Every structure is written in C-alpha cells, then in structure tokens.
Amino acid sequence: MGKQPWLNILAGTVAPEVRELGFAEALESPCATCKTAPCCTYLPLHRFPVDTMLALDHARYLLNFDRIELGMAASGEWSAYYRFPCRHLERATFRCTVHDTAAQPDICKNFNPYACWYKRALRSPVSDGFLRIDRPRIEYIVERTVFDEQRNIVAVPSWDELSEAFRTMPCDEQSYDEAEIGKDVVLDRWREQVISAASLTRKERNEPEPRTVGYDDLDEPCTDCAAWCCSTLVFPHGFPSTRTNLDYLRFTLGFPGIEVGVHDGGWSIIVKTRCRHLRGNRCGVFGKPERPLLCRYYDAHACAYKVHFGEERPAGYVRVRLEEFSTLAGLFRFDPSGAVVELPAAERVRTAIETSWCQPA
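Per the numbering used here, the very first residue in the sequence shown carries number 162; after that it's consecutive.
For the record, the hints were derived by calculation from the structure and aren't laboratory data.
Please read all numbers here as calculations on a predicted model, not as lab measurements.
All C-beta atoms, glycine included, are put in the ideal place defined by N, C-alpha and C.
Hints are supplied without guarantee of correctness; some may be wrong.
[What the hints assert, rightly or not] Estimated spans, in silico, between C-beta atoms of each pair:
id, residue 1, residue 2, range
1, Asp-289, Asp-460, 21 to 29 Å
2, Ala-461, Asp-496, 42 to 50 Å
3, Arg-256, Gln-520, 27 to 35 Å
4, Asp-496, Val-347, 34 to 42 Å
5, Gln-520, Ala-193, 38 to 46 Å
6, Asp-309, Arg-443, 29 to 37 Å
[Unchecked claim] DSSO-like mimics (lysine-lysine), calculated; alpha carbons at most 30 Å apart, straight line:
id, residue 1, residue 2
7, Lys-280, Lys-467
8, Lys-467, Lys-344
9, Lys-196, Lys-164
10, Lys-449, Lys-467
11, Lys-164, Lys-344
12, Lys-196, Lys-270
13, Lys-280, Lys-270
14, Lys-280, Lys-196
15, Lys-280, Lys-449
16, Lys-344, Lys-270
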C-alpha cells in the first residue's frame, strides 16, 4: 500500500509545491493534485476550550484512544478528530468512489476545494494557524503548563515555542487491527434477535424474566463488564435542526467506527475505539499517576456506557450506523427552507429500524 496519512502526524506530510499557474490552470480542481485527501481521512468531532487542569487532563484522556488526534488553533481553541479514511475513499488513488452520485453526502458535494482548510492545516505537523497534537506533543504541553491554586491555567508555552518543538518531534505510533474497526457484537446481536423473533412472543422465544439482584451484589459494578467506557468515546452533537445538519451526520457515518447516538435528551457522535491502557477489560494503569482524572473519579454505579453500549435495546437510546441512515432520515420532516419541523423520538427511530430489518430483501 502507498501513502497512509491516517497512521500518524508525519505520515501525512507533503512537501509544498512551488509552481506558478495561469488562470485556466488555477481553475482546475485542487483535488486533482491532492496527494493525501485529508478531508477524507480526518473527521472533525468536537471543539472545546482548555483553560483548567481538568480540561487539559481530559485532552490527555482522549489521546489514549486509537485513531484520535487533537488540534489547537492559533486562537487557543482545541478540537478533537478521528483519523481514519472514509469507507468511500479509494486508498490507492485518494479519490472518492461515490463522487457525483446519490451516495455522496451534500457536505462533500458542496465543499469548496479552492479554500480547503484541510490541505492548509494537515500537510505538515505545524501550519500558520493550526498545531496537530498527539501523545508526545500533549506531554510536552503538560510538562510546561502552570496553574493557580484553583487549577486554572495561568501560563502555557508560546505559539512559536510549540511550533518549533512540534515541527520535528517524533510521532505517536499506534497499532490496531483494522479488520476489527466497526465491529460491534451488541448491535449485531440486536439485529439478529429482531429478525429471528419478529413474530414470536416472549414465551415462544423462551426469554428469561428480567434478572434482579440485591444491594450488595452491585458493590463492584465493573465486575464482568466488557469495559464499554474504555472502547467508546461519545461527543455531544445536539439535535439536527436542518437538513444540512442531518447530512453532516450522514458524512460522519461514512467513516468506519463512527455511529450516531439518538437520545431524546440530545444526539451524539460515537467513536468505537480502544484505550491504549485497556488490558483484558481492565485498566492497565489503575491506581497509577498516569490514569486520567476522568477515569479515576468516574462513578461506575451511574455508568451510561454499560446501558447504552452493553444492552441490545437500551430504553430511550438508539445507535445508528450508515446502514440505517436512510431509515432515520425518512422519519424527518422539513419546511421548504430545510429546517426540521418534525424530529423523531428515539423509540420511533428504533421501531423504524427494526421494521426495516424485517422487510423482504
């Protein structure tokens, strides 16, 4: 395989081209000469401020997970990204396999390649207005950040210092099984149960009655848990308010390992990944200083991960993959301007998905 810019920061480095173009040449699409297709391998997930120790620790926590990279703008704003190629990308040529077809999201069709932020920001570890951050780079920041007594950040390295240090700093090397990305035994089991039991009663399905336990039985809620909190990241997205918002979610679902969480309290973008410290469904740095504070003080007795990602049909919560997007989109109603006038509730989405699974092929 040729260039794989999604492997680490330096893997996507492209030497700047210095050539003069006439107007006719400049009118040709810049995508034709793009060597890494960063817009198809670098998915924006979330923007957030880092102004306290807890916020900086949370940034470190995110970088424990495979295929996650952070960025910092010159304004000081931080952002999180999923670094992996879209399923529609032809990796050998860096061309879109659904270009100009109905399967191509509108956000891609309407993207202006002549003002491409990705190309400016991602073809080197450092650009004029953006710094790419992996594990070695965030440790550099952490070691040089100063806090007040309330743990607010009061001093950080200058932009020039970070730019100079990051330019040649070694990258974080990750190793993961690409064949496992996107696999989910719980979602697969849900679909199998729906299809096989579509016309059966609980008695006919021989389902056991719901299990109950005593107070002391829940003393250690992590016992026998499949560590969903260590293999899932959830980023808030909010409710889609326009057709464009919904189309953006369609775009995100094109990336293997991405799901959309539908909840009546708010929607989210889900990344199926894996913490580097996970060892046999247990934390390999439990009780050690490098364990993130978010994990150290997490209330396992109120764990939403175990419900949302460990149960086939969690109440009020539905996970949607690209295969179910058309069913989800069909439940929306818009006014002529594209504003959402009817947003489906989570249980309605679940019912529609389950019904679609039982339809003849």
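To see whether the hints hold, each was checked on the structure:
Asp-289 and Asp-460 have their C-beta atoms about 43 Å apart, which leaves the hinted 21 to 29 Å range violated. In this structure the supplied range 42 to 50 Å holds for Ala-461 paired with Asp-496, their Cβ-Cβ distance being about 44 Å. The supplied range of 27 to 35 Å is met by Arg-256 and Gln-520, whose beta-carbon atoms lie about 34 Å from each other. Distance hint check: the CB atoms of Asp-496 and Val-347 are about 37 Å apart, consistent with the given range 34 to 42 Å.
For Gln-520 paired with Ala-193, a C-beta distance near 41 Å keeps the hint of 38 to 46 Å intact. Checked against the given bound of 29 to 37 Å, the beta carbons of Asp-309 and Arg-443, roughly 36 Å apart, stay inside it. A hinted pair counts as satisfied when its Cα atoms are at most 30 Å apart, and Lys-280 with Lys-467 does not qualify at roughly 39 Å. For the hint pairing Lys-467 with Lys-344, the CA-to-CA distance comes to about 17 Å; that is within 30 Å, so the pair holds.
Pair hint Lys-196 plus Lys-164 holds up; C-alpha atoms about 9 Å apart against a cutoff of 30 Å. In summary, the hint linking Lys-449 to Lys-467 is supported, as the alpha carbons are separated by about 24 Å, within the 30 Å threshold. With a C-alpha separation of about 25 Å, the suggested pairing of Lys-164 with Lys-344 holds against the 30 Å cut-off. A distance of roughly 19 Å separates the Cα atoms of Lys-196 and Lys-270; the hinted pair therefore holds under the 30 Å criterion.
At roughly 17 Å between alpha-carbon atoms, Lys-280 and Lys-270 fall within 30 Å of each other, so this suggested pair holds. At most 30 Å may separate the alpha-carbon atoms for a hinted pair to count; Lys-280 and Lys-196 meet this at roughly 10 Å. Taken as a hint, the Lys-280 and Lys-449 pair is broken in the structure, with Cα atoms around 40 Å apart against an allowance of 30 Å. Distance restraint check for Lys-344 and Lys-270: the Cα-Cα separation of roughly 29 Å lies within the 30 Å cut-off, and the hinted pair is therefore satisfied.
Of the numbered hints stated above, those contradicted by the structure are hints 1, 7, 15, listed in ascending order.
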